[in-house]
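Colleague: Protein chains in written order, with this note's numbering: chain A, 1 to 450; chain B, 1001 to 1328.
Heads up, a few of these hints could be off.
[Unchecked claim] Computed, partial: chain B to chain A, Cβ under 8 angstroms: (1) ASN1256; (2) GLN1277; (3) GLU1280; (4) PHE1283.
[Unchecked claim] A short, non-exhaustive set of chain B residues, derived as facing chain A with CB atoms under 7 angstroms: (5) ASP1285; (6) LEU1306; (7) GLU1307.
Simulated from the structure, these hints should not be mistaken for lab results. Predicted model only: the values in this text are computed from it and were never measured. Note that CB positions come from ideal geometry on N, CA and C, so glycine has one too.
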Amino acid sequence: MAIELTMPRLSDTMESGTIIKWNVKEGDKVASGDVVADVETDKATMEMQVYDGGTVSRIVVPEGKTVAVGTLIAVIEDGRGGASPKPADRLAVPPSSASSASSPPAPEPRIAPASPSMRPSAADDAESARLRVSPVARRIAEEHGIELGSLVGSGPAGRIVKQDVLAAVENRRAASVAPPTTVKTSQALSMPARTPAAPLPAMPASALASAPLAAGGRPGREMPLSGMRQTIARRLVESKTTIPHYQITMRITMDPVLSLRKDLNAQLEPQGVKLSVNDFIVRACATAMAEHPLMNASWGGDRILLHGAVNVGVAVSLPEERGGGLVVAVIRDADRKSLRWISEETRTLAEKARTKGLSVEDMADSTFTISNLGMFGVEHFTAVINPPNSAILACGAAIAQPVVRDGGLAVGHEMQATLSLDHRVIDGATGAAWLGSFKRLLEHPALLMV
Amino acid sequence: MSRVIEFRDALREAMSEEMRRDPRVFLLGEEVAQYDGAYKVSKGMLAEFGPRRVIDMPISENGFAGLGIGAAMMGLRPIVEFMSWSFSLVAADQILNNAPKMLYMSGGQFGCPIVFRGNDGAGGQLGSTHSWCVESLYANVPGLKMAIPSNPYDAKGLLKTAIRDPDPVFFLESERMLALKGEVPEEEYLIPFGQAAIRREGGDCTIVSFGRPVHFAMDAAEVLAKEDGIECEVIDGRTIRPLDLETIVRSVRKTNRCVVVDQSWSFASVGSEVAAQVSEACFDDLDHHVHRVHADDVPAPYAMNLEQEMLPNPRKIRKAVLSACYRG
């Protein structure tokens, strides 16, 4: 019986994967649990394990090639005869989520769909992971560099047809022609995040340069896009073009936090604990959610999803030698973790991100994200919402400056915290109330201890 | 200069002109001479050409089809009229087993330059046995050619080409169209085989048809443009063998959708063959599978309402086009 191996969906946001390396070749015997390939997903490189033993009869997708989730990548002959099961029944899964059981684990409950689309997720119906595309739609998409995985098909069984691809081309053209005005925002407001008629825009075509510019003796060069860079590009364009962003800023006096941190670090040094300002910020964000559940929510197209878990994502920049880029490490249940725990976990994840790379689990399921550029001396900036979050906090540095305190001038440390909010979910007053709570927690940091 | 004449006049003009031009050409069939033609197609031809060239035949299709084939093998250019193609079934051995294979089986010694012509298709309340659409049945056989005009201009131009063709030509007319009027030039012209005509241009969906259903396709295209905003490109194949695949493919590459309308039954039919060839040639151009519209898979009913419903009528064609365009 031939068993079809398909590109597994290794995260909710994964739409395609690249075979980095095959560990087997055609004719090789494999046993259940063998790692047959390394797969680069949108953010991490994963090992791909098989459940079925047998002989690799065919490798369909060569190394280096990127294919959509659900695409046949190899065939294993188990030597038992009989009809092949649907690929859905035998999806290969990454070892990380298979470690606890020898049988395929149940899909992990997700707190929010990766995107509020009408497309059923792989967990609902793995058969639907197979992209159905009419031949001409596939050809037009190829000609225009439209990623089929980003489209929602309007044909039978979700088949992507010509009009869907043309709409995406048109959408992209429109996005590149029209400046990002408020009119655009209000259009986004009036329609669901994803509809078959308005697929996600990709990069604006006419804004693209065709060749690097050179100057006397200094040739330009082209940098191929890594999977991560492609994901960043696609997701942030998606975010900025479909989410009606707005920002609010508050100044926060950081002296109490700085002084508490100094004290705690001095006491805890023998234990190897070194709390960062960012750890206080993570803890304060998570604690503030208790009073403002709407801040911990996702837009669901026809409803708002209020999450029970408070999972705080922390943006981590990666070093150049690892290809640069950015990942979001997720501190799960941050509202129930102590400062010390948060600190340790953040440091572990950041270290892992910068050395071997985060697993999909490490990056999954954030409900809110923090981007902190304080360590670079940035005073103030705005961040782009990380879908399906509805809010992101941009923190600048705590800067020493003259402040009015008790009617007199003094030197204080102030940090500017700027929230970017999805107006479909969160109105200004809600955001401001949350920011007020956040400020109060940092200005009275003993509250973070209880 | 052109004038408006009927389909049957166009057929007669083609035969008469060719008989004047070539003494080897002659007409035989039931009622073609003294009665001036069962459908008045050969009206006046006996008077002009005499009983040696316009010859009445007994009700014996197998006999006179074979007679014509023998004459063709010996160098004459017979035109055999079947009152209806439904009656040709009794001559199947002659027209399918002898005529199309003679050149091959004789190693090139005997050709078979013969034209079989007559009425084809349902729609005249003639019942199940007299409403045959033989195109799918006969087009399966290698060695023959098949023409199926949809209007007087094509009827004349294609029939003249058929008469001059060195191979057996099955020429499919329609009783329902014999009185159809159309412009036909007075000057001589011929229409080469294997050249389809685009009857209506459009960018949304290609409709391919042959013979009488071309009119159904045009009616459907009219409604689709008006009601649904879908512009169809209607292609009249004109000949089934040879098939002008090139024109069809060029259109499908433009529209990405294709509906084939064929008045015969769908199973193993001309429509299925065209659908298969389009799928092979245009796989990467198609936005939906090729849709087929055929006569329903039943013997032709006698009752008028049922018979009209059985045909590949404009309603069914519109439905197929809507589906092909993901609008159905």
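Colleague: Hints first: check each against the structure and report whether it holds.
Modeller: Going down the list of hints, with the structure as the test:
no.	hint	result
1	ASN1256	holds (5 angstroms)
2	GLN1277	violated (16 angstroms)
3	GLU1280	violated (12 angstroms)
4	PHE1283	holds (5 angstroms)
5	ASP1285	holds (5 angstroms)
6	LEU1306	violated (31 angstroms)
7	GLU1307	violated (32 angstroms)
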